[in-house]
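Protein chains: 2
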Amino acid sequence: MAATLELLTENGLGGVSVDEVARRSGVAKTTIYRHWPVRSALILDACTRLSSQHAAPDTGSFAGDLAALMGGMAQLLRTARWASVTPSIIDAAERDPDLATVHSRIQLEHSAPFQVIISRAVGSGDLPPQTDVQAMIADLLGPLYYRRWFSREPLDDAFVGGITERVLGRT
Amino acid sequence: MAATLELLTENGLGGVSVDEVARRSGVAKTTIYRHWPVRSALILDACTRLSSQHAAPDTGSFAGDLAALMGGMAQLLRTARWASVTPSIIDAAERDPDLATVHSRIQLEHSAPFQVIISRAVGSGDLPPQTDVQAMIADLLGPLYYRRWFSREPLDDAFVGGITERVLGRT
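One line per chain: the protein sequences are A and B, in this order. Everything in the first sequence is counted per my numbering, starting at 30 for the first residue and increasing by one. Everything in the second sequence is counted per my numbering, starting at 30 for the first residue and increasing by one.
Hint data in this document are derived by calculation from the structure and do not stem from the laboratory. Possibly wrong hints are sitting among the right ones.
Reference excerpt, derived from the structure (chain B facing chain A, CB under 7 Å, subset only) [unchecked claim]:
#: 1; residue: Gly43
#: 2; residue: Ser117
#: 3; residue: Gly191
Glycine included, C-beta positions come from ideal geometry on N, C-alpha and C.
With these hints in hand, go ahead and build the complete structure from the sequences.
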């Protein structure tokens, strides 16, 4: 796993093959296949370790929960090795159904806590009942992801706080 | 160029080498290098053809300009070969400075018309003078890109119109 994580970080997904992992780690391929029967299982396991899951916070208010989650996600995007590996996973997902599944699972891990806090806020009346949960998640995560992978502008606290304020301001 | 575009679409950026383009097209490598002195020049040219630039519209209102641009971008994301090649460009940009330049130029082509219409609306008083242009672009393009490459949910007209309404509604 250590060798897999190194290869992922250095070269993206294209650099991870069972052959290369065996060479780098000195572990026999048969042993690797005993733990991860297919390459995509090894990659899913490695990516899950890179990305570190968020639990849904429960600060007592929707604004507090949202600030906690957005801050955590911005931090992850600024620093985590996961952020530099993600584009290669998305690229592979365009062509390989196994990796499309890996991509969906990682994506779901990141969006699920948003789903939890937004649904709770709808239940408690902090958000209106007609709230489109999936659209709100896109409005929150979209600008973060846009800055990290597309415009490559800084993900500073002012920007992150601004997204939250704008989404909260219009509810 | 036709061979390059085929290879890009089939395999992403990793599938495009001057060797492979020469083999597929039957054109000598020396001839290819005469037109594109380095691989990244060939790739930039191909990506530019794939993505089709948008001119900034001028419909007479900011809402109209925005609807035209967002509709065009959603259409591009739903159909263009560019959309399936983009993740491999972003991936390469994480590690290769030449391709980071290619990525920035394509990114700028897509964001520039938004910059034009937002700045014009600030000038005409349709948007307040303190408008953060870059943050507004992130709020508009972020959710579109999020759906195309991350959550892979449908980019239907209701979703696209909703982004625009929410951004307009709070100005």
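Among all the numbered hints in the text so far, which are the ones the structure does not match? As far as the earlier hints go, not one is violated by this structure.
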